[in-house]
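Visitor: Chain by chain, the residues:
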Amino acid sequence: MSIKFLSKISFAVVTVALTASPVFAENVIRWASQGDALTSDPHAANESPTHSASRKVYDVLYYNDKDMKMTPWLATGHKLVNAKTWEFSLRKGVKFHDGSNFTADDVKFSIERALSPTSDLKGDISSIQEVKVINPHTVQIITKEPNPIMRNQLTNVFMMSKAWSEKHKVTQPQDRAGKQETYAVRHAMGTGPFKLELREPDVKTILVKNNNWWGLKTYPHQVDKIIYTPIANQATRVAALLSGELDFILDPPLQDLDRIKNTAGLHLEQTAQVRTIFLGMNQGVKELLTSNIKGKNPLSDQRVRQAMYQAINVEAIKKKVMRGYAVPAGLITPPAVHGYTEALNKRRPYDVSAAKKLLTEAGYPSGFSIQLDCPNNRYINDEGICQAVVGMLGKIGIKVNLSAIPKTLHFPKIKNRETDFYMLGWGVSSLDSHYVFNYLVKGADKGWNGTGFADADIDATILEIGKEVDFPKRDKMIAKVWQKLRDNVNYLPIHHQVIVWAMSDKLDIPIVADDGVRFIYTKFKK
Amino acid sequence: MIAYVIQRAFQALAVMIVVSLVSFMLFNFVGDPVDNMVGQEATYEERVAMRDNLGLNDPFLVQFARFVGNAVKGEFGISYRIQRPVADLIAERMPATLELVIASAFLSVLLGIPMGVYTGIRPNSWLSRSILVGSLVGVTLPTFVIGILLIYIFSVGLGVLPSFGRGEAVQLGWWSTGFLTVTGWKAIIMPSVTLALFQMTIILRLVRSEMLEVMRTDYIKFARARGLPNQIINFGHAFKNTLVPVITIVGLNLGSLIAFSIITETVFQWPGMGFLFIQAVGFADIPVMAAYLVMVAVVFVSINLFVDILYFVVDPRLRADKTVAAGN
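Just so you know, the sequences run in chain order A and B. First residue of the first sequence? That's 1 in this note's numbering, and the numbers climb one at a time after it. First residue of the second sequence? That's 1001 in this note's numbering, and the numbers climb one at a time after it.
It should be emphasised that the hints constitute simulated quantities derived from the structure, not laboratory data. All values reported here derive from a predicted model rather than from experimental measurement. Incorrect hints may have been included.
Said to hold, decoys possible - Restricting the straight-line Cα-Cα distance to at most 27 Å, the calculated cross-link-like pairs of lysine-lysine (DSSO-like) are:
#1 A:K179 to B:K1073
#2 A:K169 to A:K195
#3 A:K225 to B:K1186
#4 B:K1186 to A:K204
#5 A:K446 to A:K473
#6 A:K225 to A:K296
#7 A:K169 to B:K1186
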């Protein structure tokens, strides 16, 4: 072996050693949650963990910031040209991870891709008729009807590169009846704050800082690397945090929160989530499927519904089932949603004797029997909440049989009207009441409104709210629908779900109500 | 011989068809995958269109025939959950599961047999008694409790072993192995112990009872009468004769190790096939569930077939001319 060769090797070793241990330590965040994003394709799954993952690599025109405030992002401003035409000016100097420029063509392409048949976002933005490129930094979106919440609906429409998508033949999202996996399922290239370095679904995802991100001046974060590992078992997830293998977990189980709080070097963050848990009652049918009362429907009587409402002690559920991590609800939508007010959220008092009296007035002095359908793997302690409700309604003579089943079986029951009494939780991606009304209040034979409630006047108002661009007038209509819902007791609100994040004291990541991590706000403590 | 093998192979094929039919029928009870595949905003019509596109609205037998037709060609479709071809997913996850199973099988044999022999030879010593009491833990404690206990002791308490994952894996062709890195070895210790414990107990108890049986036989007494040293009697005469049933059980249990690994993999976030399957069940990911169940059936059926053929080789009575054996 020659000296020259040896010196070459030693040079190589020194170089590797130098580059491997930089002078400044890297800021790495190792984190976990229960389940991985379904895909890296930003338009293929309309699901919050997937959106949360996309938001790190891809940017949107309007961004929901850490306080859930809509902020101009790749769009810098808008103008309503006429009732059906929105014009957006785009941020200049924005580059994709591959160095190419972000232009109006990419916006047109991305929105059209999100509207394509295999996209899962098409329902969210179905009001869009056409996207017009005016110049490289201006686009117009033309809607079928006037759409007051166009910008809110764009907060999950991620911007992809037209050239990159064409190059890799991913101009449409994955067709799940197809045979081949498309390139975008495990690869991502956007304009966002982080670049996707490694993607092994269900195993590991590594993101690295995009040093050319346009937002670095406004959001000067110091996160160099993010390593994500899904850990399905909650005990294992907590153990990994306690043992220091992780810096942050998104979904610690309620029973472990005290332990985490009392561990040196760890802390919790909590906030009310944009999701409310409530019970629906089928008041529209002539006879219930699971009740001993035949020939009539006790739930059709407003007094019965109010009796059930007043018999449920939500404070007890909060204390015993949720260990304090819940906000009692009087409205089926949480504070972050436009249209929510404190007055509407005030609950009718918990009063068992008043409830009994109402039930007697309605003609059911000895109550009735009914089945409550409940998911057991969807919401925080969902089955526990239902068990508590069974006991509480039992006190006023309503004998409830509980059927707790997995979500894949539970939700079809609601949508096909095969349940009399059910639990549902509702998150609001657009942060606007119209979204709630459209799915949960408007009369429909199939779909999420399993209450059988249908009111022509209310339906017409909901249609108006969807189109009205005069905001004060629109707000009045929203308030009217909520009041009607409250008086009529369509639903039995339980609570607004509270989310808790657990993290190392080295980090400070502000918690966000949609449960999606915004790493750009991370602060490191020395 | 050939006729025997062909006969067994046909039986195996019949078992395969029945297994896939039954598992396919079960999918009707896991719920509607479409609900998980589209957002809550999707309209009723969009959901119906999705079901049509996936062929979920077809009659059961049509769906089954299509599945078998594709499976024969090696096509298992795209996972509803992570949108990747199922065949790729299983090929990627299989090395992790097999390495875990092999490590556990080694552990259970290497620990189970010596302990079984010892407790068989000295049934009344205090060590034997404590081994037997200790082995009750292996039989009675559920796998996930053992796993969590280990994690709390060795990861949270002592901080010496990783609580989840497989460490760094090295790619050797299409096979990814964790046996070439330190982190990989560290990561496999707790999952393989957890998975091995139950098997080890079974082997221990089997070897022990076989040893007790053999030690009472005449040829052992005769060997003692000849004045042979204990070592030769214990290992040369007694232990050798306990091995036949042990080998059978170890072979057959390889299949159940693969099946049991579902729980161990979930506890340790081990990226294997069992974990893939559990997540598929939660999502009603029919293509993955179907492919996994068929694959497990293939493993069981081929192990059984292999054992049957092995018997044929080992046991001269099966080989003998049947007419002669019948005394005609």
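Visitor: Determine for every hint whether it applies to the structure shown.
Guide: A quick look at each hint next to the structure:
1. Annotation: proposed proximity of A:K179 to B:K1073 holds, straight-line Cα distance about 13 Å (limit 27 Å).
2. Proximity of A:K169 to A:K195 is assessed by CA-CA distance (about 20 Å); at most 27 Å being required, the pair is judged to hold.
3. For a cut-off of 27 Å, the pair hint linking A:K225 to B:K1186 stands: about 24 Å separates their Cα positions.
4. For the proposed pair B:K1186 and A:K204, the alpha carbon gap of about 18 Å is at most 27 Å, so the pair holds.
5. In summary, the hint linking A:K446 to A:K473 is not supported, as the alpha carbons are separated by about 30 Å, beyond the 27 Å threshold.
6. At most 27 Å may separate the alpha-carbon atoms for a hinted pair to count; A:K225 and A:K296 exceed this at roughly 62 Å.
7. About 41 Å separates the Cα atoms of A:K169 and B:K1186, which puts this hinted pair outside 27 Å; it is violated.
The structure shown violates the earlier hints numbered 5, 6, 7.
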